[in-house]
Amino acid sequence: MYFTTPGSTRRLARSLVFLLVPALALVISTPLWASLDKLEQLHDPVQKGLAIAHETERRDAGFGDYVVEAEMILMQNDQVLSEREFFSKVLEISGDGDHSVNVFRSPRDVEGTAILIHSHGLKPDDQWLYLPAIKRVKRISTRSKSGPFVGSEFAYEDISTWQPEKYGYRFLKSDRVDDVDCFLVENTPLYEDSGYSKLHEWVDKTIFRPRRIDYFDRKGDLLKTLRFEDYRQYQGQWWRPGRMIMTNHQTGRVTQLLWKDYQFATGLTEADLAQSKLNRLQ
Amino acid sequence: MECPIKPKPRTCPLLATIGVALLAALLSYGVGAASPDLELGVEYQFFPQKAAAGRDNYSADQYAYASLGWDQYFADQRWLVEFDGYLGWDRHDENRQRADLRTLALSYYADRFDVKIGFATEFWGVTESRHLVDILNQTSVADNIDEEVKLGQPMLKWQTHQDWGNLQLFWLPGFRERVFAAPGARLNPALPIDASRSRYASGAEDKHQDVALRYAHTLGAWDLGLAYFRGTSREPLLDPKFNAAGELVLSPYYEQIEQTSLDLQRTGAGLLLKLEAIQRHGSRQGSYHALVSGFEFTQVGVFGSAMDLGYIAEYLYDQRGEQATTTFQNDLFLGLRLAANNIAQTSLLLGVYHDRKTSGQALRLELNTRLRDDLVLELEGQAFRNLADTDLLHGFRNDDYLRASLKFYF
Numbered sequence: 001m002y003f004t005t006p007g008s009t010r011r012l013a014r015s016l017v018f019l020l021v022p023a024l025a026l027v028i029s030t031p032l033w034a035s036l037d038k039l040e041q042l043h044d045p046v047q048k049g050l051a052i053a054h055e056t057e058r059r060d061a062g063f064g065d066y067v068v069e070a071e072m073i074l075m076q077n078d079q080v081l082s083e084r085e086f087f088s089k090v091l092e093i094s095g096d097g098d099h100s101v102n103v104f105r106s107p108r109d110v111e112g113t114a115i116l117i118h119s120h121g122l123k124p125d126d127q128w129l130y131l132p133a134i135k136r137v138k139r140i141s142t143r144s145k146s147g148p149f150v151g152s153e154f155a156y157e158d159i160s161t162w163q164p165e166k167y168g169y170r171f172l173k174s175d176r177v178d179d180v181d182c183f184l185v186e187n188t189p190l191y192e193d194s195g196y197s198k199l200h201e202w203v204d205k206t207i208f209r210p211r212r213i214d215y216f217d218r219k220g221d222l223l224k225t226l227r228f229e230d231y232r233q234y235q236g237q238w239w240r241p242g243r244m245i246m247t248n249h250q251t252g253r254v255t256q257l258l259w260k261d262y263q264f265a266t267g268l269t270e271a272d273l274a275q276s277k278l279n280r281l282q
Numbered sequence: 001m002e003c004p005i006k007p008k009p010r011t012c013p014l015l016a017t018i019g020v021a022l023l024a025a026l027l028s029y030g031v032g033a034a035s036p037d038l039e040l041g042v043e044y045q046f047f048p049q050k051a052a053a054g055r056d057n058y059s060a061d062q063y064a065y066a067s068l069g070w071d072q073y074f075a076d077q078r079w080l081v082e083f084d085g086y087l088g089w090d091r092h093d094e095n096r097q098r099a100d101l102r103t104l105a106l107s108y109y110a111d112r113f114d115v116k117i118g119f120a121t122e123f124w125g126v127t128e129s130r131h132l133v134d135i136l137n138q139t140s141v142a143d144n145i146d147e148e149v150k151l152g153q154p155m156l157k158w159q160t161h162q163d164w165g166n167l168q169l170f171w172l173p174g175f176r177e178r179v180f181a182a183p184g185a186r187l188n189p190a191l192p193i194d195a196s197r198s199r200y201a202s203g204a205e206d207k208h209q210d211v212a213l214r215y216a217h218t219l220g221a222w223d224l225g226l227a228y229f230r231g232t233s234r235e236p237l238l239d240p241k242f243n244a245a246g247e248l249v250l251s252p253y254y255e256q257i258e259q260t261s262l263d264l265q266r267t268g269a270g271l272l273l274k275l276e277a278i279q280r281h282g283s284r285q286g287s288y289h290a291l292v293s294g295f296e297f298t299q300v301g302v303f304g305s306a307m308d309l310g311y312i313a314e315y316l317y318d319q320r321g322e323q324a325t326t327t328f329q330n331d332l333f334l335g336l337r338l339a340a341n342n343i344a345q346t347s348l349l350l351g352v353y354h355d356r357k358t359s360g361q362a363l364r365l366e367l368n369t370r371l372r373d374d375l376v377l378e379l380e381g382q383a384f385r386n387l388a389d390t391d392l393l394h395g396f397r398n399d400d401y402l403r404a405s406l407k408f409y410f
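Protein chains in written order, with this note's numbering: chain B, 1 to 282; chain S, 1 to 410.
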């Protein structure tokens, strides 16, 4: 092929890009009802459950990174027991689980304490703890997924980043949560050391985000219900809740998790969420 | 707050001045400045046994402290000023009565490296029973015999974060002497320590300029640290001498040493394997090595609850044997750590150091719980059993104690 000089290859590549970009844009901007329509046509519950999970992932892929402030209110019988404030930084990692860090602002004795998580789907996550009082970074074991997060009704596994491969899926039925049309899907944890036998998740048919999750303990009894409220869309794309309310049906305790000041595309890099940077995550 | 403290020789007036000036600068920075964090603490310490002969025979001690911390970033988080000042008052131990600048440092963060200058604390290591490789900061054993209370170290630190790991270089232009309990106070060695008679191997004494280098990297489940230090040993030899009054005292002697160290941790599902090892040259006791190694296994959700229970076992070795400047020359540490995972985030540690040769034992209890969101209760207990006359802890034999502290945060 004597005409394939390097220059012409480049030109060819460039024209291919010009062709591909609009094609890709067309695919991405495919109306939402199209994918929903396709999903509704699936009959096999396992296939449908998985397809819903993949659509959920596809809709949120590409968010890049975000930073958010969180307030946790631990309650029993409408009485506040304790409060915690922290901020989170989350970085999307292509081909692997997200990297995230939670840095506490209160209670004051744990101010500056940071938990860094590099999640890896089905493989155990990597986790580091920074203790500011003694300036010590501790690599910690990730066994206690089912344990409570800072004494709240959220377990570590409830706040860790969701990835499709972490669960087996089965579509149960179409249902409504507060007049919002949802798919009700049964999720079975596939990772080790989960505290749950299964989850029932109501996925919003419009925005493909959870509206409600019921958690069933290892014996199969209903343990907790999590409700997602005040969804807002950021950058015209990414839906995030403003409030999450976890009710423990067995103890009567409630934890409210309020999220505020979401900022996307902050320019966070992998080097920023590294163990060696834990002491300056402010 | 009126401060009952008398200036001590080790309180450096220059540093205090710099601290106040910097605080004033931060205050005048005004809008956008982070608020300072004030912590006040009171401690009550109870000694059930009669003190050894020659010691003040008090059965209770009271201690109070105030600490003020302030971190302020400038210029798009490129610059950081850190301040942590501390004032302590003790009823019986005048060596705990002091003001200290634990941190007064300025940092600059570039993309691939950062630099810090000032008084700061650096922690190295992985093991629980002893921090063998942690060498940069001096310790106050007057504040706690667990050797975890550190003094700020003047330093210039440069570090870089690369794909191949994290590299740190330190220039340490000054030295601070170890703080021991005052003569006559409880928790002292068998003979009183006369810190006014400290001697140095280096003619530069506490002006000797030390250097250190550390490389750390994470490879999958493994975390590795390699370090080198050259300078004044933080841990003095204690030589018996006669003082001017003709009394036998222990005189601290600070050697010039070279130390290379390794710290290693493998993190598995529930199981942590840990190793710290050092090789030290330059000591008049000759070159020697020492290590601490063991594991921590955590069982989650014990007794059908949300609690985690950790089992810790570590072996402590020092090649110098009976000549060692540490009591941990051939010891076993066994510990239980309970994390209640409750709202108060209660944690409990029970541990015992067991000397494999003399069967001497040091038992330890640590309990930490939050009473309110701004109030923390700590209990700490220490008991000694079967201490041989030759044991370095022999002076502690009548000093079992229980200490309760309340920490208020403002």
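Quick caveat, the hints were computed from the structure, so don't treat them as lab data. There may be inaccurate statements among the hints.
To be verified - If you only want the chain S side, here are some residues facing chain B, beta carbon under 10 Å, derived:
no.	residue
1	Gln77
2	Pro173
3	Glu177
4	Asp223
5	Leu272
6	Gly301
7	Met307
8	Gln319
9	Glu322
10	Gly335
11	Val376
12	Glu380
13	Gln382
Stated by the list, open to error - In the EDC-like style, the derived pairs of lysine to aspartate or glutamate whose C-alpha atoms are separated by at most 16 Å in a straight line are:
no.	chain 1	residue 1	chain 2	residue 2
14	B	Lys135	S	Asp111
15	B	Lys277	S	Glu148
16	B	Lys135	S	Glu148
Said to hold, decoys possible - Covered stretches of chain B, going by a simulated chain S footprint (3 or more residues, C-beta under 8 Å):
no.	stretch
17	106 to 114
18	126 to 136
19	255 to 261
Glycine is no exception: its CB is placed at the ideal position from the N, C-alpha and C atoms.
**Message:** Cut-off 8 Å, C-beta pairs, minimum 3 residues; does the coverage of the stretch 126 to 136 of chain B by chain S stand?
**Reply:** Check passed, 4 qualifying residues.
**Request:** Please work out if Lys277/B and Glu148/S have their alpha carbons no farther apart than 16 Å.
**Result:** violated (23 Å)
**Asked** Does the CB of Gln382/S sit less than 10 Å away from some CB of chain B?
**Response** Cβ of Gln382/S sits 19 Å from chain B, so the hint is violated.
**Prompt:** Do the alpha carbons of Lys135/B and Asp111/S lie within 16 Å of each other, as the hint requires?
**Reply:** This hinted pair is violated, its Cα atoms lying about 22 Å apart.
**Message:** Under 10 Å is the threshold here; is the Cβ of Glu177/S close enough to any Cβ of chain B for the hint to stand?
**Reply:** Status violated, d = 21 Å.
**Item:** Status of the hint placing Val376/S at chain B (closest C-beta pair under 10 Å)
**Value:** Hint on Val376/S: holds, closest Cβ of chain B at ~5 Å, below 10 Å.
**Request:** Mind taking a look at whether chain S covers the stretch 106 to 114 of chain B? Criterion is 3 or more residues with CB to CB distance under 8 Å.
**Result:** With 6 residues in contact (Cβ-Cβ under 8 Å with chain S), the coverage given for the stretch 106 to 114 of chain B holds.
**Asked** At a Cβ distance under 8 Å, does chain S reach at least three residues of the stretch 255 to 261 of chain B?
**Response** With 0 residues in contact (Cβ-Cβ under 8 Å with chain S), the coverage given for the stretch 255 to 261 of chain B is violated.
**Message:** Hint validation: Glu322/S versus chain B, beta carbon distance must be below 10 Å. Holds or violated?
**Reply:** Status violated, d = 31 Å.
**Prompt:** Measuring from the C-beta of Leu272/S to each C-beta in chain B, is the shortest one below 10 Å?
**Reply:** With a closest approach of 6 Å, the Leu272/S hint holds.
**Message:** Run the distance test for Lys135/B versus Glu148/S: straight-line Cα separation, threshold 16 Å.
**Reply:** holds (11 Å)
**Request:** Answer holds if the nearest beta-carbon of chain B is closer than 10 Å to that of Gly335/S; otherwise answer violated.
**Result:** violated (15 Å)
Comparing the model with each earlier hint shows violations of hints 2, 3, 8, 9, 10, 12, 13, 14, 15, 19; every other hint is respected.
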